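Student: Protein chains in written order, with my numbering: chain A, -11 to 214; chain B, -11 to 214.
These aren't lab readings, by the way, just hints derived from the structure by calculation.
None of the values given here were measured: they were computed from a predicted structure.
It is possible that some hints are incorrect.
Copies of the same chain are indistinguishable here, so a pair counts whether it falls within one copy or spans any two.
Taking lysine-lysine and the BS3-like style, the derived pairs with C-alpha atoms no more than 27 Å apart in a straight line are [to be verified]:
no.: 1; residue 1: Lys43; residue 2: Lys106
no.: 2; residue 1: Lys103; residue 2: Lys155
no.: 3; residue 1: Lys106; residue 2: Lys155
no.: 4; residue 1: Lys103; residue 2: Lys43
no.: 5; residue 1: Lys111; residue 2: Lys155
no.: 6; residue 1: Lys155; residue 2: Lys43
Number of protein chains: 2
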Amino acid sequence: MREVFHQSLEDVQGRLVEIAELVTVAIDKATRAFGTSDVSLAEEVIEADAVIDDKAGELDELAIEILARQQPVARDLRIVVSALRMSASLERMGDIAEHIAQLTRMRFPERAIPKGLKSTFLKMGELDVEAARKLAELLRTQDGDLIDEIRNADDALDELHVSVFEKVLSDSWQGEASATVDATLASRYHERFGDHAVSVAKKVAYLSTGEWTAATDALDIVTVEQ
Amino acid sequence: MREVFHQSLEDVQGRLVEIAELVTVAIDKATRAFGTSDVSLAEEVIEADAVIDDKAGELDELAIEILARQQPVARDLRIVVSALRMSASLERMGDIAEHIAQLTRMRFPERAIPKGLKSTFLKMGELDVEAARKLAELLRTQDGDLIDEIRNADDALDELHVSVFEKVLSDSWQGEASATVDATLASRYHERFGDHAVSVAKKVAYLSTGEWTAATDALDIVTVEQ
């Protein structure tokens, strides 16, 4: 039974890695599309989100099947419940990539990336991709050093998120209302993407350390500065 | 065992109702604070969010304990997994109420509610409160008619969300960048609140009908129009 359970967990882990990799591709394409107003790339992201949703749904079904057939208890049970939550966060990260792609499509042929914030959003995009890529690696290797690296990327995202609002609310901001709206939404999406990456990473920490705390489990919501 | 399970489910249900009622109070206060720039009311919401988080955490622990001790299978198992997801959505609704309160506090003593959009945001606030109140009632009574009413409130919220962007992007919009930022974030929060209410309501539908579909379970993300 123990052997069966461990095989099942490996299956779960493999699927989490697969979804995280799909999310990495999605956020990479979405942020490149946003930066270059590439509407066809944006549309690829929008279409591919259904695949992420399906994979997350299949993972949920597998987790429920493990609960039903193998009846895990104690730490094993918490691992399976964690997998359900990681699946939900990864699915949400895919949605956020889709939202960034939608912003790009909506503004086309105009640029979605607001003037004066190009380098900021390029950097936010890079940090999102980095966080997603490291999350996939963390899920594959359970190398705990990656957790801090993902946190660092999220901290940098939070700082850039604040800087976007400082810029938009400064006297020097010349953007039209549409640029202000785009900057607000896009910055919020990037910031939330990082939050979800940290939320998943903390659950992986639990899997490797066995230390379960309320903080491990709670969806960590970085205070919205703006 | 069956009897014990049903008692446990009643406990779960009672806690879901309690959290939904706390969320109703939070969104009611948050939207009133936003409408009247009442910073002390906003602070009440911000402080009280920890209670919602704690209650959601306790409910999660109870659900995990039920899984461990009673080892439910089939539909019973799905009910418990659904409760975990409803708990996460309710907790997130509390966070959104807190975010609206934070917007109010940040702008104080200025008004957070953007000029020209007062009636729109008052209406969005009313719809959020209505959705939350009906959700609490739905969780208590499992009266399926309420599900459609919550959907209708969410549809109305989506329409108002689109109208906010139409207004902000129109030639007549005179708001400064800060008003544009506030309108964008506040509208997004209201819209997401409605999405989560529908997501929980659909899971209650499952509890009463026993019909489990991918759609019942997926976090329904209304396409972001802007």
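Student: Does each hint hold? Answer for all of them.
Tutor: Each hint, compared with the structure:
| no. | hint | verdict |
| --- | --- | --- |
| 1 | Lys43 x Lys106 | neither (33 Å within a copy, 42 Å between copies) |
| 2 | Lys103 x Lys155 | both (11 Å within a copy, 22 Å between copies) |
| 3 | Lys106 x Lys155 | both (12 Å within a copy, 26 Å between copies) |
| 4 | Lys103 x Lys43 | neither (37 Å within a copy, 44 Å between copies) |
| 5 | Lys111 x Lys155 | within (15 Å within a copy, 31 Å between copies) |
| 6 | Lys155 x Lys43 | neither (39 Å within a copy, 38 Å between copies) |
Against the hints set out earlier in the document, violations occur for numbers 1, 4 and 6.
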